[in-house]
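J.: What follows is the residue order along each chain.
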Amino acid sequence: MPSAPEQVRRTAASPFDSPTRVAGEIQNEIRDPHGKVALKVSSTGPDRTRADEPLITRIRTGDQEAMATIYDRYSGVVYSVALRVLGNPDAAEDVLQEVMLQLWRDPDAFDSARGKLAPWLAIIARHRSVNYLRKRRPTVELSECTIASDVDLEVETECSRAIERARRVLADMPETQRIVLELAVFDGLTDAEIAVRTGQSLGTIKTRVCAALAAIRKAVTR
Amino acid sequence: MTGHERFAQNLPLYAIDALSVSEADAMEVHLETCAACRRELENLRGDLALVALTSEAATPPPRSRQRLLAAIAHESHPVPTRRRMGWWLIPFAASAFLAIFVAVLWRDNYVLRDRLVQLQARIPAQQAEIPLAQDLLALITDPKSVQVDLLAANTKPSPHGRAVYAPRTGALFFMASDLPPAPPHKAYELWLLPKEGTPVPAGTFQPDSNGNATLIMPAIPAGLEAVKFAVTLEPETGPRSPTRPTVLSGTSQ
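So the sequences go chain by chain: A and B. Counting from 1 along the first sequence, just add 23 to a position and that's the residue number in our numbering. Counting from 1 along the second sequence, just add 5 to a position and that's the residue number in our numbering.
The hints are simulated quantities; they were obtained by calculation from the structure and are not laboratory data. Glycine included, each C-beta is placed from N, C-alpha and C at the ideal position. Misleading hints may appear alongside valid ones.
As the list claims (entries may be wrong) - Quick list of simulated restraints, FRET-style, between CB atoms:
no.	chain 1	residue 1	chain 2	residue 2	range
1	B	I105	A	D195	52 to 62 Å
2	B	N114	A	K241	48 to 58 Å
3	B	W111	A	R83	33 to 43 Å
4	A	R184	B	E10	31 to 41 Å
Make the full structure from the sequences, and use the hints.
T.: Encoded structure:
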């Protein structure tokens with residue numbers, strides 16, 4: 024499983040904590056079973072929403088400041104996901120540049136009516152990173168990616184709670200199930216490749232992926 | 006297991022790009038027609054986003070921000086892109102298309118109805134003309150009808166004919182009189198001579214014992230502008246091209 028090298032600077036504990044907002048905003052920390060900081064929750068307001076749509080509108084007109092704000096807000100999300108998949112800071116930075124430039128060039132690809140920007144960028148970053156691993160071109164267009172969730176991932180506290188619950192579900196999950204999910208999501212293996220790697224049948228892999236995702240959905244929507 | 010159930014079971018693997026290329030292609034075909042699977046795929050992407058967001062937080066190096074800002078400054082404005090039609094637009098596009106289609110059908114229907122009314126209004130007059138036309142045709146074609154050509158006094162009868170031709174429709178009526186019998190294995194043939202091009206045959210005929218003959222509505226191409234008409238003697242069978250001498254000829258008025 025790829026992991027970020029030690030030289031990677033980790034000033035933000037949640038992918039949502041951007042470099043420009045971390046100082047002075049952090050109030051609560053959530054630590055994983057090993058005592059490592061896993062999540063920090065912003066204290067600037069429990070329901071402060073990120074008004075992304077006006078920024079996207081400004082990007083459409085070529086507003087570079089708006090793009091810089093989007094970068095400050097979400098570069099951590101994209102970089103963290105890319106680094107988790109690729110395990111290489113330089114490659115993760117390349118994916119970050121690629122995803123942000125795509126958004127700059129085609130802001131209409133993101134439609135706020137079809138999902139929030141944070142999960143959308145996380146999905147795109149993960150997809151680009153997996154394809155980077157597979158050394159193939161992206162197969163999903165930005166504008167084709169519609170995301171639905173019962174969790175309002177645009178509200179920081181709600182999103183942070185959902186991420187923390189998802190982490191607990193993954194931590195409590197049987198190891199064989201978690202490994203299958205992580206091989207698929209973060210290592211970019213196909214079901215057949217996972218079957219070869221783990222010695223499990225395709226049917227078992229399918230069942231475990233379904234059950235893992237269902238458990239996460241159940242945990243965050245309860 | 007139905008086809009839909011099989012696709013539905015594979016949806017989580019598709020959402021995380023874990024299907025083979027061929028299975029993913031088949032899934033995309035299914036998704037085009039299955040709204041339930043499209044909705045579930047959106048939910049699965051929401052689940053996948055949460056899994057991705059569990060990644061340990063990391064901060065990109067500061068140079069990355071400068072790199073992006075330099076790149077977008079170089080591209081002073083976003084490249085205008087034509088937005089692709091998403092699935093969610095399909096019902097609206099289909100509704101708009103149907104509305105236009107229905108409007109066109111309604112207009113065509115209105116025009117056709119109007120034309121039908123006009124045609125129906127003409128039916129009584131045309132029906133009244135039918136008996137007269139039938140009587141006229143019977144009169145002309147009946148071999149027992151007496152045909153008399155009135156000429157100037159003391160003029161010897163000689164072969165002559167009269168053609169009535171409508172170029173727009175190709176309708177033709179031809180009547181000849183005082184023709185001598187055609188030689189053995191030969192027949193008279195009427196020709197239409199266009200301004201340019203080769204003569205067009207309008208049919209062969211044999212005069213009756215009184216030297217009279219008629220040609221009614223032979224097959225003539227519509228739109229043929231004939232400047233001259235001619236009758237020649239031709240072999241009863243064989244290639245169609247006029248041979249001299251010309252028995253009768255006349256120029257279109």
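J.: Could you see if the CB distance from A/R184 to B/E10 stays within 31 to 41 Å?
T.: holds (34 Å)
J.: Okay, B/N114 versus A/K241 on CB: inside 48 to 58 Å?
T.: holds (56 Å)
J.: Measuring from beta carbon to beta carbon, are B/I105 and A/D195 in 52 to 62 Å?
T.: Given range 52 to 62 Å: holds, Cβ gap about 56 Å.
J.: Falls inside 33 to 43 Å, the C-beta gap from B/W111 to A/R83?
T.: Check passed, 39 Å falls within 33 to 43 Å.
The structure is consistent with each of the numbered hints, conforming to all of them.
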